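Working from the sequences, and respecting the hints, build out all of it.
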Amino acid sequence: MTKLPSWRGRFFEDFVVGEVYQHALGRTVTQTDNSWFTLLTQNTAPLHFDHHYAAQTEFGKPLINSTFTLALVTGQSVSDISQNVMANLGWDEVRLPNPLFEGDTVYSRSEVLEVRESASRPNVGIVTVCTTGYNQDGTPVISFRRTVMVYCRGQGPSIPAVLPRPTA
Numbered sequence: 001m002t003k004l005p006s007w008r009g010r011f012f013e014d015f016v017v018g019e020v021y022q023h024a025l026g027r028t029v030t031q032t033d034n035s036w037f038t039l040l041t042q043n044t045a046p047l048h049f050d051h052h053y054a055a056q057t058e059f060g061k062p063l064i065n066s067t068f069t070l071a072l073v074t075g076q077s078v079s080d081i082s083q084n085v086m087a088n089l090g091w092d093e094v095r096l097p098n099p100l101f102e103g104d105t106v107y108s109r110s111e112v113l114e115v116r117e118s119a120s121r122p123n124v125g126i127v128t129v130c131t132t133g134y135n136q137d138g139t140p141v142i143s144f145r146r147t148v149m150v151y152c153r154g155q156g157p158s159i160p161a162v163l164p165r166p167t168a
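Heads up, the sequence shown is in the UniProt record's numbering, so the first residue is 1 and it goes up one at a time.
Since the hints were derived computationally from the structure, they do not count as laboratory data. One thing to keep in mind: the hints can contain errors.
Computed Cβ-Cβ distance ranges for the label pairs, DEER-style [to be verified]: (1) I159 to E19: 20 to 30 Å; (2) G75 to R116: 22 to 32 Å; (3) Y53 to I159: 41 to 51 Å; (4) T30 to P157: 28 to 38 Å.
Small disclaimer: the values here were computed from a predicted structure and weren't measured. By construction, the Cβ of each residue, glycine as well, lies at the ideal position given by its N, Cα and C atoms.
Here you go:
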């Protein structure tokens, strides 16, 4: 049997300015996602969890909490952008051009904008991307610039290769 390594994400050396990564997984957002996230973060805006209230707005239904949208789309990008992250340095220019609703499916992609060596840490580099999240119709619902410190190949912690013990 041939043993193949699993995807371990990109390291600093793998990033090239101009490359675009179409992130593999989409996710349908549910009413439960929206309510839980809104209440867990103590957001008291009824637009996110009160259907009767939201029906009276121009949207006619609850909007997905924008910080949930930011978290979801960031998460979708991890396997391509920050699987080997040392630290997130920031999110900038966060824009929400169109609403996201319960039942919408979110997809995302990232374009590499800048790649540079760290001036203070020889084991990491700094990567800046522009990530866009969009719904099932291709309508953009969020975009942002994200800057991360990514380990250079062979410079970060290793993921333990624990194998199952043979059974008797």
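Is it true that the C-beta distance of G75 to R116 lies inside 22 to 32 Å, as the hint says? Check passed, 25 Å falls within 22 to 32 Å.
Assuming the hint says 41 to 51 Å, is it satisfied by the Cβ distance from Y53 to I159 or not? holds (46 Å)
Falls inside 28 to 38 Å, the C-beta gap from T30 to P157? Hint holds: Cβ distance 34 Å, inside 28 to 38 Å.
Starting from the range 20 to 30 Å, see whether the pair I159 and E19 falls in it by beta-carbon distance. holds (24 Å)
In summary, the structure agrees with every hint in the numbered list given earlier.
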